[in-house]
Structure formats: structure tokens, C-alpha cells
Amino acid sequence: DAKTTQPTSMDCAEGRAANLPCNHSTISGNEYVYWYRQIHSQGPQYIIHGLKNNETNEMASLIITEDRKSSTLILPHATLRDTAVYYCIVRGRNSGNTPLVFGKGTRLSVIA
Amino acid sequence: DGGITQSPKYLFRKEGQNVTLSCEQNLNHDAMYWYRQDPGQGLRLIYYSQIVNDFQKGDIAEGYSVSREKKESFPLTVTSAQKNPTAFYLCASSGPGTGNYEQYFGPGTRLTVT
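Taken in sequence, the protein lines are chains A and B.
Mind the numbering: the first sequence is residues 6 to 117 in our numbering, read in order.
Mind the numbering: the second sequence is residues 42 to 155 in our numbering, read in order.
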């Protein structure tokens, strides 16, 4: 699986959009971008994933650049409960039931 | 209410004792995983199992053992051979139900060994 690079930490004002970047310059054509988040002292939670088109669900939007070398997770109206560590993970299309490889992620602090 | 349960949430043991962490899922997932997390770090894989009665070592399996006798259960034993057992332990499962194989995590067990 391709390696990812994320900023160590970010701050965001409550009610504003939080934009979390991820670089994955060595991503291959059959690899997806996944995002998970981990609220303090809890297990990680799946957020969203995508291949090349932008994706949106009830939690967030995922914007993947045309060359697929980077992506941005967008939380449109951040709340204090969105304070967490966000992990960007690249996985092969046919990974199926295989383990996730976690980096250190981005620690997002939402400030009132 | 479907999900993954881990018990207990906090566990304290004396050095030299083996301890078993429980993980149960009722999601009918084939695969289950154990990860370890140290303060300020990402998760590291200890063991995983893709099917009953079969499991594979992860990156940091030394000092740990697992069993997978039932689909629903994947207990982890931290043995006295594990040099630094104090950590946050997370169990997860995955399956083809949603088509995406995303992993569902339990709430974790925080183990302290003194």
C-alpha cells in the first residue's frame, strides 16, 4: 500500500469547515483513499473512502486531486465533538479482509 | 445492537502474569484484528484472523498469543514474555457486508502492568 503524509496537527474554529490534507504521491491506479478518525480513548471510526471521484456522506466530503497524488477530507461545519486524530490510509482495491496500516495521523482540535 | 465489545475497559496486572483480553463481535464478520496503541502513536498490528481456526502474526506479535475457535470471538493473551505490555489494545473486525470491508473497532482495553 502507498505511503501517506499528513500534518501533525491542525486547529479549526467551531462552525467553520475543517480541511484535512493528505499526500499520497506513490498511489497506484487500483488503490483507494480511506479516512478514519479516533476520538480520544476510543476505537477508530470509518469516515469515508474514494478512488478518484469526489465522495460525500453524512459525515464528510472527500476531494481527490485529478492526479490522485493528494486528497482533502472536509468536515463542513466542525463541532467540538470532531476533535480527534484523523488517519488517511491508502489500500488496494482487492485488500478485502486485510489489516489497516496506520500512520500517526493529524490531530484536529476544534476550538470554541 | 450490532457491534464489537471489549472487556474490561481498564485492566491492571502485576508483572509476570499472563492476562487475556476479550473481544466479541456480532456483525457476522469473517476477519478480526488486534492492534496496540502507545501514547501519541498510531495503531500497530499484533495479530489478525481472516477465518475461524486460522490467524497470522502482525508486526509486533512477540509476547502475545491468540485463538480463533469461534467466528464471534478473538481473545488476545498478553504473556509475561511481552516486555512492555502497558498500552491501549484495540480489537476490530471486517467483512463484506457493506462491500467496502471497512473495519469496525471496539472501545478498547487499557492495560496497565506494574
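Simulated from the structure, these hints should not be mistaken for laboratory data.
Keep in mind that the hints are not guaranteed to be accurate.
Claimed, not checked - Taking lysine-lysine and the DSBU-like style, the derived pairs with C-alpha atoms no more than 30 Å apart in a straight line are: (1) A:LYS109 to B:LYS124; (2) B:LYS55 to A:LYS8; (3) B:LYS111 to A:LYS74; (4) B:LYS50 to A:LYS57; (5) B:LYS55 to B:LYS98; (6) B:LYS98 to B:LYS124; (7) A:LYS74 to A:LYS8.
What the hints assert, rightly or not - A few chain B residues facing chain A, derived, Cβ under 10 Å: (8) PRO49; (9) LEU52; (10) PHE53; (11) GLY83; (12) ARG85; (13) PRO116; (14) PHE129; (15) GLY136; (16) PRO137; (17) PHE146; (18) GLY149.
Note that the Cβ used here is the ideal one computed from N, Cα and C, for glycine as well.
Status of the B:PRO137 interface restraint (C-beta, 10 Å, chain A)
holds (8 Å)
Within a Cα-Cα threshold of 30 Å, do B:LYS111 and A:LYS74 meet the stated pairing?
The given pair, whose Cα atoms are some 41 Å apart, is violated under the 30 Å limit.
Is the hint on B:GLY149 kept, meaning its closest Cβ partner in chain A is under 10 Å away?
holds (5 Å)
CA of A:LYS74 to CA of A:LYS8, is that 30 Å or under?
holds (11 Å)
Are the Cα atoms of B:LYS55 and A:LYS8 separated by 30 Å or less?
Judged against 30 Å, a Cα distance of about 38 Å means the pair is violated.
Would you check whether B:GLY83 satisfies its interface hint, that is, whether its CB is within less than 10 Å of any CB in chain A?
holds (4 Å)
Holds or violated: the hint that B:PHE129 contacts chain A, with Cβ atoms closer than 10 Å.
Holds, about 7 Å.
B:GLY136 as an interface hint toward chain A, with CB separation required under 10 Å:
Result: holds, 7 Å to nearest chain A Cβ.
Given hint B:PHE146 near chain A, where the shortest CB pair must fall under 10 Å:
With a minimum Cβ separation of about 3 Å from chain A (threshold 10 Å), the hint on B:PHE146 holds.
Straight-line alpha-carbon gap B:LYS50 to A:LYS57, limit 30 Å:
Cα-Cα ~39 Å, so violated.
Straight-line alpha-carbon gap A:LYS109 to B:LYS124, limit 30 Å:
Roughly 23 Å separates the two Cα atoms, so the pair holds.
Evaluation of the interface hint that places B:PHE53 against chain A, nearest CB under 10 Å
violated (16 Å)
In summary, the numbered hints that this structure violates are 2, 3, 4, 8, 9, 10 and 13.
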